[in-house]
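Assemble the complex: chain A is given as a structure, and chains B and C must be docked to it using the hints.
Chains as they are written, first to last, in our numbering: chain A, 1 to 113; chain B, 1 to 146; chain C, 1 to 175.
The hints are simulated quantities; they were obtained by calculation from the structure and are not laboratory data.
We treat Cβ as the ideally placed atom computed from N, Cα and C, and that holds for glycine.
Just to be clear, a hint being listed does not mean it is correct.
Claimed, not checked - Pairs of lysine to any residue, SDA-like flavour, derived with a Cα cap of 20 Å:
| hint | chain 1 | residue 1 | chain 2 | residue 2 |
| --- | --- | --- | --- | --- |
| 1 | B | 10 | B | 55 |
| 2 | C | 76 | A | 93 |
| 3 | C | 76 | A | 24 |
| 4 | A | 58 | C | 128 |
| 5 | B | 64 | C | 47 |
| 6 | B | 63 | C | 47 |
| 7 | C | 47 | C | 126 |
| 8 | A | 58 | B | 55 |
Claimed, not checked - Label-pair restraints from in silico Cβ distances:
| hint | chain 1 | residue 1 | chain 2 | residue 2 | range |
| --- | --- | --- | --- | --- | --- |
| 9 | B | 18 | C | 34 | 24 to 32 Å |
| 10 | B | 64 | A | 63 | 54 to 62 Å |
| 11 | B | 101 | A | 92 | 45 to 53 Å |
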Amino acid sequence: MIVYIMCFLLFLVGLYGIVTRRNLIKIVISFTIMEFSVFLFLVLIGYIEGGEAPILTKNLPENVNFVDPLPQAMVLTAIVIGLATSAMLLAIAIRLYKKYGTFDIREIKNLKG
Amino acid sequence: MEGLTPIVKKVAQLMSGIIFVYGIYIVVHGHLTPGGAFAGGIILAGAFILLILAFGSEVIRLKKEETGSSITESLSILLTLILAIGGLFIGTKVFFNNYLPKGEVGELISAGLIPIYNILIGIEVAAAIITIFLALVIFKEEEEER
Amino acid sequence: MEVLLSVILGFMIIGAIYALHANDLLSAVIAQGIVGYGLVICFLHLKAPDLAIVQIVVETITLIIMVAVVLDSSRKEIKEKPGFKGTINIIAGLIFIGFLIYFFYMAINPLDTFGEHALRMSETYVEQGAQKTGAANLVTGVLWDFRGYDTLGEATILFTAALGILSVLRLKGKK
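Only chain A is shown next, with the shape it has when bound in the complex (with noise of 0.2 Å):
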């Protein structure tokens, strides 16, 4: 059980990144720490001891035990949606410093364009 309680671990440093930091850029890498741990929480879900990885092959011996396809299935799909998210808040991020011409938040919010 202590690898579970080392993933939410990591989710909460990823929490205290998105909170407490100041620069633009940091709080994207927060973002991508914190879907990293809840992939890593579903596929550790899913695992058996002794099983093997979930392809037919030739000469598999007989009754051998397979490690569970449907989490796998999930986090393939979840991996690249948190690609596109992560590309489109860079982009949001490029505009920003071309307009103010600086990354941090807390003179974003002064400056009213």
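Using the frame of chain A, we list chains B and C on its own:
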């Protein structure tokens, strides 16, 4: 963004050919080995990104490439939707049905409609990643020109 | 197996804490690569080769885009000390984290111990998946035949993200 030295240009030409063939292999064998549409599509995009980074960029030539990749991604996802709607008329009449015959497990031509879906979505993912990268490069080049 | 995964997770946590406190933005981006590539090693030990391939290429593309964004300005401002007007903030933060830990504990209790997972929903997928879909790769068969709508929605999300980035990074009409 200028290009790099001639050694890097020549090695990038050779490597991008190998990466392109490897990406096609991962996409086509998606139902037999680990891989599939999303992994192979991003590898295909990586071959093009390597060429753009090694040879530098002139904005006028890149705008035509961006139009081409935009049209490619729209066409492939339109073809996927047309194939999926075809499931409403053949076999058990539900949307997104697997209606081609499924051969033996382990052959290259098997599993019904899954290899065709893999190829189409692989092309779509590659074109989407190339469009995103080209939009960033063109934005930076136009900012520097002013 | 638990010991090995705990050691790799320990390195990932140390890398993540450094990425948030680095003075230079380029160092923070490279430290995020530690978390991403450590996740690849975890996936390989958990017998998921599909996910390892996808995570390697996605992490590389994310790092390329982040370095392209960061190379314009590589500095971090000096942060001021909050003094004691942040006391209420710290107390509220601790109460919130207490609630989070309590709910996490209630969520972990009904789970089986790590490594002994009872296949409740995937029995049909594992036993008859190769026959019903015809694919040797069970993850691809589940992804395209049993769970086809999720994959169709994901292709739509990538398409929409490409369109959104094209419309945000436009400079027309500013002459």
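Now for the hints, and whether the structure bears them out:
Under the criterion of a C-alpha separation no larger than 20 Å, the hint pairing residue 10(B) with residue 55(B) is consistent with the structure, at around 10 Å. Proposed proximity of residue 76(C) and residue 93(A) is supported: the alpha carbons are some 15 Å apart, at most 20 Å. For the proposed pair residue 76(C) and residue 24(A), the alpha carbon gap of about 11 Å is at most 20 Å, so the pair holds. Distance hint between residue 58(A) and residue 128(C) is fulfilled; the C-alpha atoms sit about 17 Å from each other, no more than 20 Å.
Our distance criterion of 20 Å between C-alpha atoms is broken by residue 64(B) and residue 47(C), whose separation comes to about 43 Å. Distance check on the hinted pair: residue 63(B) and residue 47(C) sit about 43 Å apart at the alpha-carbon level, beyond 20 Å; violated. Of the supplied pair hints, the one linking residue 47(C) and residue 126(C) holds, its CA atoms being roughly 15 Å apart against a limit of 20 Å. A threshold of 20 Å between alpha carbons decides the hint, and for residue 58(A) with residue 55(B) the separation of about 45 Å lies outside it, so the pair is violated.
The supplied range of 24 to 32 Å is met by residue 18(B) and residue 34(C), whose beta-carbon atoms lie about 28 Å from each other. Range check, residue 64(B) to residue 63(A): Cβ separation about 58 Å, and the 54 to 62 Å hint holds. Remark: the range hint 45 to 53 Å for residue 101(B) to residue 92(A) is upheld by a beta-carbon distance near 48 Å.
In this structure, the hints that do not hold are numbers 5, 6, 8, in rising order.
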